[in-house]
Amino acid sequence: MRHLMSPLDFSVEELDKLFDLAEDIEASPEKYAHACDGKVLATCFYEPSTRTRLSFESAMIHLGGKVLGFSDAANSSASKGESVSDTIRVISCFADICAMRHPKEGAPMVAAEKSGIPVINAGDGGHQHPTQTLTDLLTIRSLKHRLDNMTIGLCGDLKFGRTVHSLIRALVRYENVRFIFISPEELRVPDYITDMLKEKNIPYEEVIRLENVMPSLDILYMTRVQKERFFNEEDYVRLKDFYILDKTKMEYARPDMLILHPLPRVNEISVEIDDDPRAAYFKQVQYGVYVRMALILTLLGKD
Amino acid sequence: MLNVGKIEEGFVLDHIEAGKSMDIYKNLQLGKLDCTVAIIKNARSNKMGKKDILKVECDINQLDLDVLAFIDHNITVNVIKDGEIVDKKELVLPKTITNVIHCRNPRCITSIEQGLPHIFVLADEEKEIYRCKYCEEKADRKKL
Numbered sequence: 001m002r003h004l005m006s007p008l009d010f011s012v013e014e015l016d017k018l019f020d021l022a023e024d025i026e027a028s029p030e031k032y033a034h035a036c037d038g039k040v041l042a043t044c045f046y047e048p049s050t051r052t053r054l055s056f057e058s059a060m061i062h063l064g065g066k067v068l069g070f071s072d073a074a075n076s077s078a079s080k081g082e083s084v085s086d087t088i089r090v091i092s093c094f095a096d097i098c099a100m101r102h103p104k105e106g107a108p109m110v111a112a113e114k115s116g117i118p119v120i121n122a123g124d125g126g127h128q129h130p131t132q133t134l135t136d137l138l139t140i141r142s143l144k145h146r147l148d149n150m151t152i153g154l155c156g157d158l159k160f161g162r163t164v165h166s167l168i169r170a171l172v173r174y175e176n177v178r179f180i181f182i183s184p185e186e187l188r189v190p191d192y193i194t195d196m197l198k199e200k201n202i203p204y205e206e207v208i209r210l211e212n213v214m215p216s217l218d219i220l221y222m223t224r225v226q227k228e229r230f231f232n233e234e235d236y237v238r239l240k241d242f243y244i245l246d247k248t249k250m251e252y253a254r255p256d257m258l259i260l261h262p263l264p265r266v267n268e269i270s271v272e273i274d275d276d277p278r279a280a281y282f283k284q285v286q287y288g289v290y291v292r293m294a295l296i297l298t299l300l301g302k303d
Numbered sequence: 001m002l003n004v005g006k007i008e009e010g011f012v013l014d015h016i017e018a019g020k021s022m023d024i025y026k027n028l029q030l031g032k033l034d035c036t037v038a039i040i041k042n043a044r045s046n047k048m049g050k051k052d053i054l055k056v057e058c059d060i061n062q063l064d065l066d067v068l069a070f071i072d073h074n075i076t077v078n079v080i081k082d083g084e085i086v087d088k089k090e091l092v093l094p095k096t097i098t099n100v101i102h103c104r105n106p107r108c109i110t111s112i113e114q115g116l117p118h119i120f121v122l123a124d125e126e127k128e129i130y131r132c133k134y135c136e137e138k139a140d141r142k143k144l
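Keeping their order, the protein sequence lines are chains A and B. Count the first sequence with the working numbering and you get residues 1 to 303, in order. Count the second sequence with the working numbering and you get residues 1 to 144, in order.
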């Protein structure tokens with residue numbers, strides 16, 4: 001039985017197979033409309049996350065399966081003190097596959113160790129969020145037709161953003177990928193990431209201003225810069241506009257550059273860009289459903 | 001010069017970093033064994049200047065080599081039988097260690113899950129880095 005805890009659990013070849021399946025689902029959804037008839041997905045969400053949970057539920061419903069679960073620890077037996085190990089043993093009797101989000105890091109792994117059904121990590125604290133990374137990779141592959149030979153700019157909070165860290169670790173497995181990290185000093189990518197890049201001889205740059213590097217990017221991955229991450233209000237006010245993507249900054253971008261964002265967006269991407277053909281963040285949400293459909297099929301052995 | 005007599009059966013842990021013998025005594029839980037233990041601190045050493053030595057008279061199988069290797073894999077383990085050294089065990093860093101150190105990450109599932117062992121996995125052999133199996137928090141070996 002297979003689980004998904006980290007995006008690195010799948011080899012590059014396995015990911016290719018998963019993305020091929022996701023693209024086939026996109027092309028011929030009717031072929032898969034009954035692929036999971038009679039199967040049940042449990043969404044065990046110990047903390048609220050509407051988009052990820054609904055994406056999983058949508059994926060299972062589109063495969064013909066059914067969904068049960070809880071969307072908050074307060075509505076689960078965790079509020080009575082039940083352990084994750086006990087909960088998953090119980091859920092294994094109700095469902096065929098489980099997507100789990102938990103505020104504690106490693107909780108889905110504990111569940112996987114005791115589970116009778118495949119477990120998907122749907123986000124564990126600040127640690128991993130593998131299906132977001134799979135979504136990002138599928139979006140890039142589907143829209144750019146490759147995952148190698150590209151320059152990817154990651155912008156905003158690169159220190160605390162787990163989606164950014166996971167994406168970097170997943171992309172280093174592809175040939176000739178170059179990174180440009182765009183962030184204020186306070187929110188630079190952690191040392192363990194830059195150490196890993198140095199070790200693997202993967203080129204990267206760290207810059208403060210976005211517009212200077214825009215012309216060289218194939219992908220711009222935006223994240224939110226949160227006020228509470230700054231030491232003082234003055235720095236936040238001084239820097240916040242550097243990381244807001246608007247029409248003026250887009251003038252520097254290549255005509256085929258893609259803008260990705262894990263969402264929710266607050267104000268880091270101006271709404272005036274939403275109609276730009278390069279804005280891929282809402283398509284990304286759709287690819288999230290396809291990749292979760294492919295993942296459910298793969299883990300249930302129905303690929 | 002202080003003389004400590006030979007042991008008949010057991011092990012001698014040599015080349016312990018000076019001052020660390022009590023830490024090893026605690027981590028190997030030697031206090032729980034009903035046997036003779038000699039702790040020699042700050043002995044003269046050609047190799048190290050000064051060193052600690054532990055002599056323990058007990059069945060060699062009672063020694064947890066994984067814990068010892070995790071603490072300091074440069075320690076020499078001499079196995080003694082009938083008063084003679086019959087084997088020198090080489091310590092290699094264990095792939096995993098269980099319940100030797102505790103994960104200090106308050107966001108880790110080990111902080112709330114009942115009965116869950118604290119397991120650390122050797123993530124980088126060259127740099128001797130261990131990480132929590134669940135949250136990947138780096139182990140601070142100095143705070144053992």
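Calculated directly from the structure, the hints in this document are not laboratory data. One or more hints might be untrue.
[Claimed, not checked] Calculated cross-link-like contacts (lysine-lysine; reagent style DSS-like; alpha-carbon spacing at most 25 Å): (1) A:283 <-> A:247; (2) B:32 <-> A:200; (3) A:159 <-> B:127; (4) A:198 <-> B:127; (5) B:138 <-> B:47; (6) A:198 <-> B:32; (7) A:200 <-> B:55.
Comparing the hints with the structure gives:
1. Taken as a hint, the residue 283 of chain A and residue 247 of chain A pair is honoured in the structure, with Cα atoms around 20 Å apart against an allowance of 25 Å.
2. Of the pairs offered as hints, the one joining residue 32 of chain B and residue 200 of chain A is violated, with about 47 Å between alpha carbons and a cut-off of 25 Å exceeded.
3. The straight-line distance between the Cα atoms of residue 159 of chain A and residue 127 of chain B is roughly 23 Å, inside the 25 Å bound, and the hint therefore holds.
4. As the CA atoms of residue 198 of chain A and residue 127 of chain B are separated by approximately 15 Å, the hinted pair is consistent with the 25 Å bound.
5. The hinted pair formed by residue 138 of chain B and residue 47 of chain B fails the criterion: a straight-line CA distance of about 31 Å is larger than 25 Å.
6. Restraint check: the Cα-Cα separation between residue 198 of chain A and residue 32 of chain B comes to about 47 Å, which exceeds 25 Å; the hinted pair is violated.
7. A threshold of 25 Å between alpha carbons decides the hint, and for residue 200 of chain A with residue 55 of chain B the separation of about 45 Å lies outside it, so the pair is violated.
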